[in-house]
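Chains A and B, in that order, are what the protein sequence lines are.
Residue 159 in the numbering used here is what sits at position 171 of the first sequence, and the numbering runs on without skipping anything.
Offset between the second sequence (1-based) and the numbering used here: plus 4.
Everything labelled a hint here was simulated from the structure, so no lab data went into it.
Keep in mind the model is a prediction, meaning the values are calculated, not measured.
Please note that a few of the clues may not be correct.
Stated by the list, open to error - In silico DSS-like cross-links for lysine-lysine, where the CA-CA straight-line distance does not exceed 30 Å: (1) 144(B) - 232(A); (2) 24(B) - 48(A); (3) 144(B) - 131(B).
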Amino acid sequence: MITKRIIPCLDVKDGRVVKGVNFEGLNDVSSPVTLAEYYSNCGADELVFYDITASSDGRKLFTDILTETASKVFIPLTVGGGINTIEDFDRVLKCGADKVSVNSGAIRNPDLIPEAAKLYGDQCVVISADVKRVDGVFRVFAKGGRENTGMEAIEWIKRCVGNGAGEVVLNSIDTDGVKNGFDLEMLDAVCNAVSVPVIASGGAGCIDDFTKLFKTLPKVDAGLAASIFHFGEVSISDLKQELKANGIPVRI
Amino acid sequence: MLAIIDYGVGNLFSLSCSLKAIGKESVITSDSEIIRNADRIILPGVGAFGDAAEKLRSSGMAELVKEQAAAGKPLMGICLGMQLLLDKSFEYGEHPGLGLISGEIRPISDVIPEDYKIPQIGWNYLKFNKPECPIFKYIKEGDFVYFVHSFYGTDCSENTAAVTEYGAPLTAVVWKDNVFGCQFHPEKSGEVGLSILRAFCETEGPQC
Chain A
-11 MITKRIIPCL DVKDGRVVKG VNFEGLNDVS SPVTLAEYYS NCGADELVFY DITASSDGRK
49 LFTDILTETA SKVFIPLTVG GGINTIEDFD RVLKCGADKV SVNSGAIRNP DLIPEAAKLY
109 GDQCVVISAD VKRVDGVFRV FAKGGRENTG MEAIEWIKRC VGNGAGEVVL NSIDTDGVKN
169 GFDLEMLDAV CNAVSVPVIA SGGAGCIDDF TKLFKTLPKV DAGLAASIFH FGEVSISDLK
229 QELKANGIPV RI
Chain B
5 MLAIIDYGVG NLFSLSCSLK AIGKESVITS DSEIIRNADR IILPGVGAFG DAAEKLRSSG
65 MAELVKEQAA AGKPLMGICL GMQLLLDKSF EYGEHPGLGL ISGEIRPISD VIPEDYKIPQ
125 IGWNYLKFNK PECPIFKYIK EGDFVYFVHS FYGTDCSENT AAVTEYGAPL TAVVWKDNVF
185 GCQFHPEKSG EVGLSILRAF CETEGPQC
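Chain A with its partners taken away, still in its complex shape (with noise of 0.2 Å):
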């Protein structure tokens, strides 16, 4: 039986992690390479570059973090941040990304998951969607949450599936930073509208959000999160340990 993946996301500006509450308010935390050797040893099952640098430089750093993080760590790593092209693909994948997201960068352009896709394959096409609720309804995102596209989520994201992306990252920008629990109306939304992995992001505080998001949502494939693995409020193994104790499939 496939297991339920749990993954660390890694916010990386100028070569350094950083996450924020609501997207704003950056706290420097660690070096990524350190960040994701620990957590490979600790039983992530994948790990998340997210690259919220603006400048070339920045960049230029990113990619000399993903090379090293590759070239230690050997689990799958996802890169997300400022895709916007084939040729922003092609950058990360050849430092040794596996999987790319896109998420303002497939709004801009809809031509960019039908071409990415037919490049590397769907595997490779992650569609991170940062959705909201609006006057009730479920609004896309862009730029880093700050941006309402007016865009309805769900069919943003049939449609991004449709296209070729091969897995969902939903990041509920209602819980994100919130450590209050996943969104689980949001999820089960999406878990209803497409048939590829969907990976559940935004609101885990504690192991009980995880225990419950699995419980809750069998189709949910993955829970991600960023500050509680990073600052050890959560442990990744003690967290397997207690998905497991609750018969949740997990890699131990």
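Got chain A; can you put chain B on it based on the hints?
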């Protein structure tokens, strides 16, 4: 020296890094002399079977790999590289493979329940049909490896060395003499994956 066959399919950075991590020198190459002089060969691959099989053939690599395998050199196919070892694939049409191991590639949707997701992405465990397979030397049944695939090998009969359970038993490892194939990615399967690569690097061939 291990030769990783470069025929323009997929990203080989992680694979060469993982070999380096177990102390095995490797070279990514399409040079037939280097491949002939290598002590073992890995055939990697991601993407669609038809394109990859065509690239293998047009680059001359298909004949070379078959010649080397016939000479007894240890060969490992990974993911699509494993699928290419079999007779043929039904991924978008019908395409011939290398025919080094008997069997066919068919969509997993043929055998898995409807509510299972495609592709299978993630960590699943190995169930041994042939525990004596040399590449299992340092791992045990039930160990987890990382899969990403929508197609699988079927009718591999006695050459199926391990399966994984995804609503149905899916071929995970094929093995015939000096030829091995892993449907999963050992280079992305943590310590277990490195142990599989280490054991492969210790298998005996004529030039070892």
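Evaluated hints:
{"no.": "1", "hint": "144(B) - 232(A)", "verdict": "holds (20 Å)"}
{"no.": "2", "hint": "24(B) - 48(A)", "verdict": "holds (24 Å)"}
{"no.": "3", "hint": "144(B) - 131(B)", "verdict": "holds (9 Å)"}
Of the hints listed earlier, there is not a single one the structure fails to meet.
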